[in-house]
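J.: Listed below, chain by chain, are the residues.
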Amino acid sequence: GENVEQHPSTLSVQEGDSAVIKCTYSDSASNYFPWYKQELGKRPQLIIDIRSNVGEKKDQRIAVTLNKTAKHFSLHITETQPEDSAVYFCAASISTGFQKLVFGTGTRLLVSP
Amino acid sequence: GAVVSQHPSWVICKSGTSVKIECRSLDFQATTMFWYRQFPKQSLMLMATSNEGSKATYEQGVEKDKFLINHASLTLSTLTVTSAHPEDSSFYICSARGDKNYNEQFFGPGTRLTVL
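If you're matching them up, the sequences are chains A and B in order.
Its first residue numbered 3, the first sequence is counted upward by one per residue in the working numbering.
Its first residue numbered 5, the second sequence is counted upward by one per residue in the working numbering.
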């Protein structure tokens, strides 16, 4: 079935450094790729998303890139801050009538002051 | 806008009892709602998709007779965990999608279920 792989599972950086999280999807018809930030015990929060007709999207310190040919997409966080510490999930839409999302396994990001 | 609520936020029940969780879209009409389960330190796993007025579609491996889903209106979907057992203890999260953005899902705050 459809699968989304996410790496790394944990990522530790110093405040001010950049962080990159990578995902690979299997369904070539996927056309929507959101990224979520989840703090412990809370709901996933959408931080950025990208659609298949765009190669890159940026929102302040956060950017996402998409390579449809390779079926890769990545999250880039620049100038990281301690409050960026959380678990980040990528997801990809599935080409069914309901446009479901398949989630990656998550990356635990720790930003040290 | 696009606020989704869940009730209760947490529940503790005895093994063998049933628990109902409500998911409401507060400021939009949700044509589709999704129910996810998340075990500690794991990802969100889709359990089922529900559309208003029709039967839910369950993911492979999810028992439809154990996890009853009702999407009776455009703002309310319920998940009932029947005959709950300790292995059903998890974080249950719903999401809702409206008509304006076909892709984006808005998540509820989640319900932590503990079965003793």
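Some hints here could point you the wrong way.
What the hints assert, rightly or not - Simulated restraints, written as ranges between beta carbons of each label pair:
no. : chain 1 : residue 1 : chain 2 : residue 2 : range
1   : B       : Lys70     : A       : Asn5      : 48 to 54 Å
2   : A       : Pro84     : B       : Gln64     : 39 to 45 Å
3   : A       : Leu112    : B       : Glu56     : 38 to 44 Å
4   : A       : Lys60     : B       : Lys68     : 20 to 26 Å
5   : A       : Asn5      : B       : Gly20     : 31 to 37 Å
6   : B       : Leu80     : A       : Gln62     : 23 to 29 Å
7   : B       : Lys18     : A       : Leu48     : 22 to 28 Å
8   : B       : Pro113    : A       : Ile64     : 43 to 49 Å
9   : B       : Lys104    : A       : Glu7      : 28 to 34 Å
10  : A       : Gly43     : B       : Asn107    : 25 to 31 Å
Claimed, not checked - For lysine-lysine, the following DSS-like pairs were computed, each having C-alpha atoms within a straight-line distance of at most 25 Å:
no. : chain 1 : residue 1 : chain 2 : residue 2
11  : B       : Lys104    : B       : Lys68
12  : B       : Lys59     : A       : Lys102
13  : A       : Lys39     : B       : Lys59
14  : A       : Lys24     : A       : Lys39
15  : A       : Lys24     : A       : Lys73
16  : B       : Lys68     : A       : Lys102
17  : A       : Lys24     : A       : Lys102
18  : A       : Lys44     : A       : Lys70
19  : B       : Lys18     : B       : Lys59
20  : A       : Lys39     : A       : Lys60
21  : A       : Lys39     : A       : Lys73
22  : A       : Lys24     : A       : Lys59
23  : B       : Lys45     : A       : Lys102
24  : B       : Lys45     : A       : Lys24
25  : A       : Lys102    : A       : Lys39
26  : B       : Lys104    : A       : Lys59
27  : B       : Lys24     : A       : Lys44
28  : A       : Lys102    : B       : Lys18
29  : A       : Lys102    : A       : Lys59
30  : A       : Lys59     : A       : Lys73
31  : B       : Lys70     : B       : Lys59
32  : A       : Lys73     : A       : Lys44
33  : A       : Lys44     : B       : Lys59
34  : A       : Lys39     : A       : Lys70
35  : A       : Lys24     : A       : Lys60
36  : B       : Lys104    : A       : Lys60
37  : A       : Lys102    : A       : Lys44
38  : B       : Lys18     : B       : Lys68
39  : A       : Lys44     : A       : Lys24
40  : A       : Lys59     : A       : Lys39
By construction, these hints were calculated from the structure, which means they are not laboratory data.
For glycine and all other residues, C-beta sits at the position ideal for the given N, C-alpha and C.
J.: Does each hint hold? Answer for all of them.
T.: Results for each hint:
1. Lys70/B / Asn5/A: 48 to 54 Å: Given about 25 Å between the Cβ atoms, the range is violated.
2. Pro84/A / Gln64/B: 39 to 45 Å: 40 Å, holds
3. Leu112/A / Glu56/B: 38 to 44 Å: For Leu112/A and Glu56/B the Cβ distance comes to about 41 Å; the hint holds.
4. Lys60/A / Lys68/B: 20 to 26 Å: 42 Å, violated
5. Asn5/A / Gly20/B: 31 to 37 Å: Since the Cβ atoms of Asn5/A and Gly20/B sit about 36 Å apart, the hinted range of 31 to 37 Å holds.
6. Leu80/B / Gln62/A: 23 to 29 Å: Between Leu80/B and Gln62/A, where Cβ atoms are some 36 Å apart, the hint is violated.
7. Lys18/B / Leu48/A: 22 to 28 Å: 36 Å, violated
8. Pro113/B / Ile64/A: 43 to 49 Å: 23 Å, violated
9. Lys104/B / Glu7/A: 28 to 34 Å: 31 Å, holds
10. Gly43/A / Asn107/B: 25 to 31 Å: 26 Å, holds
11. Lys104/B / Lys68/B: 30 Å, violated
12. Lys59/B / Lys102/A: The hint holds at about 16 Å.
13. Lys39/A / Lys59/B: Measuring from Cα to Cα gives roughly 31 Å; hence the hint is violated.
14. Lys24/A / Lys39/A: 14 Å, holds
15. Lys24/A / Lys73/A: Holds: Lys24/A and Lys73/A sit about 11 Å apart, inside 25 Å.
16. Lys68/B / Lys102/A: Distance ~18 Å between Lys68/B and Lys102/A Cα, so the pair holds.
17. Lys24/A / Lys102/A: Status holds; Cα separation ~20 Å.
18. Lys44/A / Lys70/A: Measuring from Cα to Cα gives roughly 31 Å; hence the hint is violated.
19. Lys18/B / Lys59/B: 28 Å, violated
20. Lys39/A / Lys60/A: Within the cut-off at roughly 16 Å; holds.
21. Lys39/A / Lys73/A: 22 Å, holds
22. Lys24/A / Lys59/A: 15 Å, holds
23. Lys45/B / Lys102/A: 22 Å, holds
24. Lys45/B / Lys24/A: 19 Å, holds
25. Lys102/A / Lys39/A: 19 Å, holds
26. Lys104/B / Lys59/A: 21 Å, holds
27. Lys24/B / Lys44/A: Holds, at roughly 20 Å.
28. Lys102/A / Lys18/B: 33 Å, violated
29. Lys102/A / Lys59/A: 22 Å, holds
30. Lys59/A / Lys73/A: Cα-Cα ~16 Å, so holds.
31. Lys70/B / Lys59/B: 15 Å, holds
32. Lys73/A / Lys44/A: Not OK: Lys73/A and Lys44/A at ~29 Å, beyond 25 Å, violated.
33. Lys44/A / Lys59/B: Violated, at roughly 29 Å.
34. Lys39/A / Lys70/A: 23 Å, holds
35. Lys24/A / Lys60/A: Distance of about 16 Å is within 25 Å: holds.
36. Lys104/B / Lys60/A: Answer holds: Lys104/B to Lys60/A is near 22 Å, not above 25 Å.
37. Lys102/A / Lys44/A: With Cα atoms ~21 Å apart, Lys102/A and Lys44/A stay inside 25 Å; holds.
38. Lys18/B / Lys68/B: 21 Å, holds
39. Lys44/A / Lys24/A: 23 Å, holds
40. Lys59/A / Lys39/A: Measuring from Cα to Cα gives roughly 17 Å; hence the hint holds.
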